[in-house]
Amino acid sequence: MIEKSVKMESVIKVNSLTRRFGNLTAVDGIDFQVNKGEIFGFLGPNGAGKTTTIRMLTGIIDPTSGSAMIQDHDIRKESILSREHIAVVPEQANVYLDFSVWRNLMLMAELYGVPRNRRINEGERLLDALGLMNKKDSKARELSKGFKQRLMLCAALVTDPEVLFLDEPTSGLDVHSARLIRKIVRELNNDGLTVFLTTHNMIEAGDICSRVAIINNGRIAAIDTPGNLRSMVRKRHYVEAVFKEQVPPLNKLESIPGVARVESDQDIFRLYTETPGSVATLLVVLTLDLGLELEQLNTRKPSLEDVFLYYTTGKGGSK
Amino acid sequence: MSGYSDVNRWHKQLNGSLVILKKNIFLYYMKSPVLIFGVLFPVFFFLAFKMGRDISPGNVVPGMVAMALWFSASAIGPLVTPWERGAKTWERLISTPISLRSILTGDVLSGFVFGCAISVIPVVLGLLLTDARIMNLPLLIGGILAGALCFSSLGVLLSSPPAASPSNIMLLSNLVRLPLLFVSGIFVPIAQMPAWAGWIAPLSPLSYASALIRASYGSVPYFPAWLCFLMLFIFTSVLFTISCRFHRMYRAKGL
Numbered sequence: 009m010i011e012k013s014v015k016m017e018s019v020i021k022v023n024s025l026t027r028r029f030g031n032l033t034a035v036d037g038i039d040f041q042v043n044k045g046e047i048f049g050f051l052g053p054n055g056a057g058k059t060t061t062i063r064m065l066t067g068i069i070d071p072t073s074g075s076a077m078i079q080d081h082d083i084r085k086e087s088i089l090s091r092e093h094i095a096v097v098p099e100q101a102n103v104y105l106d107f108s109v110w111r112n113l114m115l116m117a118e119l120y121g122v123p124r125n126r127r128i129n130e131g132e133r134l135l136d137a138l139g140l141m142n143k144k145d146s147k148a149r150e151l152s153k154g155f156k157q158r159l160m161l162c163a164a165l166v167t168d169p170e171v172l173f174l175d176e177p178t179s180g181l182d183v184h185s186a187r188l189i190r191k192i193v194r195e196l197n198n199d200g201l202t203v204f205l206t207t208h209n210m211i212e213a214g215d216i217c218s219r220v221a222i223i224n225n226g227r228i229a230a231i232d233t234p235g236n237l238r239s240m241v242r243k244r245h246y247v248e249a250v251f252k253e254q255v256p257p258l259n260k261l262e263s264i265p266g267v268a269r270v271e272s273d274q275d276i277f278r279l280y281t282e283t284p285g286s287v288a289t290l291l292v293v294l295t296l297d298l299g300l301e302l303e304q305l306n307t308r309k310p311s312l313e314d315v316f317l318y319y320t321t322g323k324g325g326s327k
Numbered sequence: 045m046s047g048y049s050d051v052n053r054w055h056k057q058l059n060g061s062l063v064i065l066k067k068n069i070f071l072y073y074m075k076s077p078v079l080i081f082g083v084l085f086p087v088f089f090f091l092a093f094k095m096g097r098d099i100s101p102g103n104v105v106p107g108m109v110a111m112a113l114w115f116s117a118s119a120i121g122p123l124v125t126p127w128e129r130g131a132k133t134w135e136r137l138i139s140t141p142i143s144l145r146s147i148l149t150g151d152v153l154s155g156f157v158f159g160c161a162i163s164v165i166p167v168v169l170g171l172l173l174t175d176a177r178i179m180n181l182p183l184l185i186g187g188i189l190a191g192a193l194c195f196s197s198l199g200v201l202l203s204s205p206p207a208a209s210p211s212n213i214m215l216l217s218n219l220v221r222l223p224l225l226f227v228s229g230i231f232v233p234i235a236q237m238p239a240w241a242g243w244i245a246p247l248s249p250l251s252y253a254s255a256l257i258r259a260s261y262g263s264v265p266y267f268p269a270w271l272c273f274l275m276l277f278i279f280t281s282v283l284f285t286i287s288c289r290f291h292r293m294y295r296a297k298g299l
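Line by line, the protein sequences give chains A and B. Heads up, the first sequence stops at 327 in the working numbering, and the numbers go up one at a time, no gaps. Heads up, the second sequence stops at 299 in the working numbering, and the numbers go up one at a time, no gaps.
Since the hints were made in silico from the structure, they are not lab data. Please read all numbers here as calculations on a predicted model, not as lab measurements. We put the beta carbon where it would ideally sit given N, CA and C, even for glycine. A couple of the hints might just be wrong.
With the Cβ distance kept under 8 Å, some of the chain B side facing chain A (calculated, not the full set) [stated by the list, open to error]:
id, residue
1, Lys67
2, Leu71
3, Lys132
4, Ile138
5, Pro141
6, Gln236
7, Ala296
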């Protein structure tokens with residue numbers, strides 16, 4: 009497991025957390041920490057253990073073994089105290105369909121004991137920020153999926169949490185709602201809110217997460233910043249070249265020292281290598297030798313999706 | 045400091061229970077299954093018993109009050125939790141800083157308020173339409189309050205098995221509620237029931253509430269009032285404790 013050691017205040021500390029359902033081990037002794045003020049992405053394929061982890065951390069299910077602390081409160085021994093610091097936006101918007109938008113919001117605030125004046129002021133501010141003010145009196149059942157998810161985010165934020173758990177918050181949403189939710193999350197994070205985000209959207213994770221953990225088969229495969237993770241998967245680095253008019257023979261490209269393989273997509277050639285700098289130089293030399301001309305030449309790191317696939321297809325799934 | 049934080053914690057949990065009560069009132073009191081099982085059921089049951097039989101108002105009214113209390117107070121619990129599970133709002137509730145015990149207390153209070161409110165109707169109708177007279181008002185109020193709390197706790201216990209649909213839980217709750225109705229002195233005073241029924245009656249919490257309500261209308265009590273209150277208190281405590289355990293055991297099942 010790769011983890012960057014950063015001396016920061018941890019708001020979530022997870023230690024050997026395990027959850028079994030009968031013979032199935034859904035989460036298998038995972039360890040990680042989430043630092044104050046970061047957006048921590050939790051990535052994994054379906055059934056990897058993401059939602060089970062969130063459910064343990066938010067007190068919905070008990071761990072089979074191991075421990076976790078939220079703001080220094082043990083999730084098992086001080087469950088209520090640990091839940092006072094968090095709010096959850098689940099993947100499936102579970103609003104009260106027969107309540108109005110406003111009543112849903114106030115219910116959540118009242119359950120967290122938010123004082124009357126503050127919940128009213130904060131509720132109105134949030135409805136306005138998330139574009140729900142004109143639907144304040146509409147029943148939740150009349151809202152589209154995107155608006156329900158916005159309402160869920162409002163209901164979570166009206167409780168003034170220190171840690172926000174977002175389980176696939178933009179999954180299946182329209183572009184406007186997804187963008188708005190990402191924008192609000194970023195703004196809140198700038199104001200100091202710690203966010204624990206599970207997502208399948210690699211662009212979203214790479215874009216907004218300070219660090220990401222990749223979970224596979226219930227185990228953490230890697231934890232680091234998206235940039236560092238992309239650098240670490242050296243075999244997925246490549247040199248991308250586009251030639252003017254004539255292209256070199258494929259076997260010439262494959263014979264460049266350090267090139268593991270070559271892929272071509274119409275007129276774009278990708279030369280996979282662990283040493284992109286030297287391969288780029290040798291490619292320029294080869295091009296000149298062959299009397300050809302390059303139109304574009306770039307060295308590329310793998311995308312977060314490449315990293316994700318690398319760690320979740322058996323190459324990096326061990327603990 | 046510790047004392048303050050304990051008081052603060054209790055206050056937050058109590059507030060949480062009252063918020064759950066308010067939510068249940070607005071969301072569930074007017075749902076058709078609540079009205080069918082909590083209001084229409086006892087009315088039709090009693091009509092079926094009363095039609096064509098010469099029964100004195102002094103016998104009819106207390107029986108009607110006890111039966112309305114039994115069905116209405118125990119109707120809320122078996123409906124709320126399965127509904128919440130089905131709508132996934134249960135998951136949301138148990139992730140708030142409100143303990144499971146406080147959530148269930150809110151559900152018990154919901155049944156309690158509903159039961160008390162509904163049982164006032166036959167009391168008023170009895171006063172307006174019959175010559176049945178309340179001889180001991182404090183005993184009637186005490187019987188209704190203690191009975192409502194007990195029956196509501198039974199309802200919350202019955203809602204603990206994880207079920208995808210409220211109808212499964214209602215089936216289970218009627219399997220418990222209907223047989224007890226016939227051995228608890230609702231239609232016939234316990235003293236006039238066969239000997240075997242007299243042996244079973246003390247096992248039913250409804251018998252004690254029924255005895256208190258009958259006594260408040262001037263009937264000779266089958267159980268002394270103090271014993272009725274004590275037994276209702278014991279039943280409430282046991283039912284609520286077991287329901288907290290079962291709900292904890294099944295907390296995340298089916299989510």
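Task: Numbers of unmet hints, in rising order - done: Of the numbered hints given earlier, the structure breaks just one, which is hint 6.
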